[in-house]
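Undergrad: Spelled out, the chains give:
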Amino acid sequence: MSKPTTLFQKIWNAHLIAQDSDGRSLLHVSRHLAHDGSWHAFRFLKARSLPVRHPDQLFATPDHGVSTLSHDFAMIKDPDQIRVVKALDENAQTHGFTLFGLNDERQGIIHVVGPEQGITQPGLLIVCGDSHTSTHGALGALSFGIGASEVCHVLATQAIWQRKPKTMRVTIEGELGPGVSAKDLILAIIAKIGANGATGHVIEYDGSTIRNMTMEERLTVCNMSIEAGAKAGLIAPDQTTFDYLKGKPYAPKDQDWQVALAHWKTLKTDEGAVFDHSVTIDASALPPMVTWGNSPEEAIAVTGHVPDPKLAGDLTREQSLQATLDYMGLSALQPITDAKIDLVFIGSCTNGRLEDLQAAAEIAKKGKAVVQAIVVPGSSLVKQQAEAQGLDKIFKAAGFEWRESGCSMCVGMNGDLAGEGVRTASTTNRNFRGRQGINSRTHLMSPAMAAAAALKGHIVDVRDLLKGESA
Amino acid sequence: MKPFTTLVGIAAPIDVPNVDTDQLAPARFLRKPREDGYQKFLFHDLRFNQDSSQKLDFILNQPSYAQAEIMVVNRNFGGGSSREQAVWCLVDYGVRCIIGSSFGDIFYNNAVNHGLLLIKESEQTCQALREQLHAQPGAQMKIDLESQHFTDVSGTTHDFEIEESRKKRLLLGLDEIGLTLQYTDQMSAFESTYRAERPWLFVSR
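Chains U and A supply the protein sequences, listed in that same order. Numbering follows my numbering, with no gaps: position 151 of the first sequence is 151. Numbering follows my numbering, with no gaps: position 118 of the second sequence is 118.
Simulated from the structure, these hints should not be mistaken for lab results. No residue lacks a Cβ here, since even glycine has one placed at the ideal position from N, Cα and C. Mixed in with the good hints there might be a few duds.
Cβ-to-Cβ under 8 Å is the rule here; a few derived chain U residues that face chain A [claimed, not checked]:
id, residue
1, Leu26
2, Gly129
3, Asp130
4, Ala148
5, Arg163
6, Ala260
7, Met413
Whenever a hint applies, use it, and build me the whole structure from the sequences.
TA: Below, the structure written as structure tokens:
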């Protein structure tokens, strides 16, 4: 009998082309995803006069720099963004890869589009010049972000050199309570293991909580694996995965579906396989989470208090915590629900899918936004589906802005930014200093929590609104 | 790529943990042409006020550290976004070596593509080195990649580990694509089997 292996190891083995004398592996890339920011890599390729080795394995859509007010190209005002969005079109022409352009109904954030189109499938090795490529692991694909030089390398060779990462199993058991979502779970995991807790590791998530999650919830969990430092996040494919993929445009059809399905069913960690690290989480006890600081690990229960730097233990750490509180405009030990919110952002590759918008709309129904609140669907198809369900009308009636899809305020490259000192309740993935605008303050939370903050004007426990309290 | 052999240079301590790549290279500069240089964007919003004047309390704005070619940093340096521009900012500024206890995985891989040597040391060692550098502003450290050791400002020598392939690429300034294309026959053989087994992946829609 062969040695029990992990899902990660199986996918790794299936893509191994060669090893060098230093123990590094050359891996075949099944699908390479690109976006407007891939501009640099295409320029590096051109400078070397190299072709794209396999254009049929490359899929792209503009997302980082696109306007969310309108997808009319003329609405992009920044010359730098105009240049790169245009260049993506030109590169698709030159090299012959698949592009879902600005006005294509399949346009969207690349990490929403890949699964939505069925381009992301179990057992594939997927890379993209974007750290949130970890998202695609939710379907059981080994997927990770790479830098521009590596993107150029993959364009030229359809392969990438990697040293084998370690493995970490995160087992989550129990049922999430009302008002508690996949976002709260992943924030709690990051808070527990730290922003570098999984550095050098591929995380495999498992347990009853994960098994009971929809595909969209799993995508949220895997999306933020990188915020724990993980190389990738993985969830073994199951019936939920297969049901999700069936009928998607790029999913296998007919006889191919049967062949693919038989293969996908083998993609799981064998009983007795060994992980380098294991972590267990009880999901049933989990409250809604919110970040107070400038790293995603700085997350607490919404019922909690801002930490006291004096309890940090050493002076350097105390000073660094105090600097964070000063930046965030918070004081030690204040209840986090005291934090007044100036702006709300709902969207991103973390929380810009249909179920996220549904969860936010359920809360938006209960009142009116008292601050500016922006809803940016994760893709143009998500926008269409949401409109078909009347979610746009619910948001607009509650005073939320309903926009076109794109990365928007998650990365702030398209001009959607928070001003100096502005405090944002955001469904995105990074609360880094200046991420959403110079000297702006970001609190990460779930879509329902962000919608609740819009109605109340401060951070609020969404469970209070679900109890029927009027807004 | 400029080969890295030995380096004697000023070292600056960066005390805060979790210095993400957004701090190293803010998003609004990421679409600037590479050839125009990225040195002015390094730590931009920590280095400069909005009127472009220098923030005097930032370490690289202190004259003793302004010419730093080496940094000793805290845990999880370079985490977050995959933006390679973080490395471009550092190397264009003149930084050639960073000593820290842990680095973001993607940042770690990006660094070698631009001749930036990252050395992993324990948290305790890094903290001690940073304290030395605060005590002796502008002091120099010496890095010797070939023999895999560096000398701190007190004259103590420390050995460090580095993967053989990474060391070779840094020493010779080697380009990875050129090396990989030598594997073309193996890649082609692999690809034909892979494609034959998964025909549905290669149908255009």
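Undergrad: Each hint should be assessed against the structure and marked as holding or not.
TA: Outcome of the hint check:
{"no.": "1", "hint": "Leu26", "verdict": "6 Å, holds"}
{"no.": "2", "hint": "Gly129", "verdict": "6 Å, holds"}
{"no.": "3", "hint": "Asp130", "verdict": "6 Å, holds"}
{"no.": "4", "hint": "Ala148", "verdict": "4 Å, holds"}
{"no.": "5", "hint": "Arg163", "verdict": "7 Å, holds"}
{"no.": "6", "hint": "Ala260", "verdict": "6 Å, holds"}
{"no.": "7", "hint": "Met413", "verdict": "5 Å, holds"}
Comparing the model with each numbered hint stated earlier shows that all of them hold.
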